[in-house]
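S.K.: Single-letter residue listing:
Number of protein chains: 2
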Amino acid sequence: MGRTSDAKERILTAAHPLLERRGYSALGVAEICTAAGVPKGSFYYFFASKEALALAVIDEHWATEKREWDRILGSDAEPLERLRRLFEATEAGQRAGQKSCGSISGCLFGNLSLEMGNQTEAMRERLQEIFEARTETVARVITEAQERGEAAVPDARAAAQSVVAQLEGQVLFAKLYNDTAPLGTLWVNCLALLGAKAPVHA
Amino acid sequence: MGRTSDAKERILTAAHPLLERRGYSALGVAEICTAAGVPKGSFYYFFASKEALALAVIDEHWATEKREWDRILGSDAEPLERLRRLFEATEAGQRAGQKSCGSISGCLFGNLSLEMGNQTEAMRERLQEIFEARTETVARVITEAQERGEAAVPDARAAAQSVVAQLEGQVLFAKLYNDTAPLGTLWVNCLALLGAKAPVHA
Numbered sequence: 022m023g024r025t026s027d028a029k030e031r032i033l034t035a036a037h038p039l040l041e042r043r044g045y046s047a048l049g050v051a052e053i054c055t056a057a058g059v060p061k062g063s064f065y066y067f068f069a070s071k072e073a074l075a076l077a078v079i080d081e082h083w084a085t086e087k088r089e090w091d092r093i094l095g096s097d098a099e100p101l102e103r104l105r106r107l108f109e110a111t112e113a114g115q116r117a118g119q120k121s122c123g124s125i126s127g128c129l130f131g132n133l134s135l136e137m138g139n140q141t142e143a144m145r146e147r148l149q150e151i152f153e154a155r156t157e158t159v160a161r162v163i164t165e166a167q168e169r170g171e172a173a174v175p176d177a178r179a180a181a182q183s184v185v186a187q188l189e190g191q192v193l194f195a196k197l198y199n200d201t202a203p204l205g206t207l208w209v210n211c212l213a214l215l216g217a218k219a220p221v222h223a
Numbered sequence: 022m023g024r025t026s027d028a029k030e031r032i033l034t035a036a037h038p039l040l041e042r043r044g045y046s047a048l049g050v051a052e053i054c055t056a057a058g059v060p061k062g063s064f065y066y067f068f069a070s071k072e073a074l075a076l077a078v079i080d081e082h083w084a085t086e087k088r089e090w091d092r093i094l095g096s097d098a099e100p101l102e103r104l105r106r107l108f109e110a111t112e113a114g115q116r117a118g119q120k121s122c123g124s125i126s127g128c129l130f131g132n133l134s135l136e137m138g139n140q141t142e143a144m145r146e147r148l149q150e151i152f153e154a155r156t157e158t159v160a161r162v163i164t165e166a167q168e169r170g171e172a173a174v175p176d177a178r179a180a181a182q183s184v185v186a187q188l189e190g191q192v193l194f195a196k197l198y199n200d201t202a203p204l205g206t207l208w209v210n211c212l213a214l215l216g217a218k219a220p221v222h223a
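Here the protein sequences line up with chains A and B, keeping their order.
Sequential numbering of the first sequence, starting at 22, is according to our numbering.
Sequential numbering of the second sequence, starting at 22, is according to our numbering.
These are calculated hints, taken from the structure and not from any lab test.
Watch out, some of these pointers could steer you wrong.
Once the Cα atoms are required to be at most 25 Å apart in a straight line, the calculated DSS-like pairs of lysine-lysine come out as [to be verified]:
(1) B:Lys218 with A:Lys218
(2) A:Lys87 with A:Lys120
(3) B:Lys87 with B:Lys61
(4) A:Lys87 with A:Lys71
(5) A:Lys71 with B:Lys71
(6) B:Lys71 with B:Lys61
Sample of chain A residues with no beta-carbon within 10 Å of chain B, all distances over it, derived [unchecked claim]:
(7) Arg31
(8) Ser70
(9) Glu81
(10) Lys87
(11) Asp97
(12) Glu112
(13) Thr206
(14) Pro220
This structure is a prediction, so every number in the text was calculated from the model and none was measured.
For each residue, glycine too, the CB sits at the ideal point set by N, CA and C.
Just chain A, with the same shape it has in the complex:
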């Protein structure tokens, strides 16, 4: 099938779930090519290396997730309610993944941060930017909640990082136990971390 116009897209599409489920080091270019149905030469025509492909998968996944986070956290619902919806969407996403492949794959960015965080500088930088952007998006919502007197934290950015840390930690438990139940605690824990009460409308 060679360097057809959709070969690059097919490689990305095949690599994404493999990277999410099996991690970076366990994955070989040959396996990705087989899954994508493209010859190895075609792979190296589009990607300089396995790392370059992984970075492209990370970018594509982040573009999708960013749209989702922006949609939920930028909506006109009340600030804390938007955070609740983010956790609900996270839980639904992990449940859908579990249904389609039998086990919870967790968060691609969290997985790669712990597997590769101190191994390749390019991947570390990209993952740092993504966690930075996630934290900033959550921090903006916390600032709005602060302005309405609904969150009692001295530093919105630090609080946002703690909310994201709690999310990553509970996703770790969800993956380890192959059970989405730990994600059900995100909302009350977020309220606790923000010194907040559940909004009346939630």
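Following the hints, complete the assembly by docking chain B onto the known chain A.
M.R.: Positioned in the frame of chain A, the structure of chain B alone reads:
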């Protein structure tokens, strides 16, 4: 050097930091043998597979960490103060690791949970047992705090899991940024998650 009496110990000692820094899949038996200074035949005399070695490293690391957690969390200090000391020890441990190898390796159990959690059943089970034991140990301290009216949570076990999740999430940030600063938030976040106030003596 062959199957000398200390070859097994040398393999375990060499494999531990490699597994912690580079993960499971990226690591080859040949590399471990070179680092340990033992021939490959010797490796397979002591370990049936790379997985068997990884499980032995996990067990050894957990035996050490369990002693540390039991010492800190089983001391006669006030319950919340014991939790504070656990976070302090976690931060000190990551800082020492950073000093000795240049980058923060994170938590071996968290790393392997996200890299291997849904790949080998034996490793998943072992990691589940460890996180179960960690959660139980923290839950006992929270129960004591509850009995003294110092923690306001409906379920000590769920609260303990959230405290451990927060710890794992902040260790992820510490590894990603190669900076122990995120671990400095563990104590106030723990208090928030437990609906607790800082003890007078802390």
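S.K.: Would you list, in rising numerical order, the hints stated earlier that this structure does not obey?
M.R.: 3 and 13
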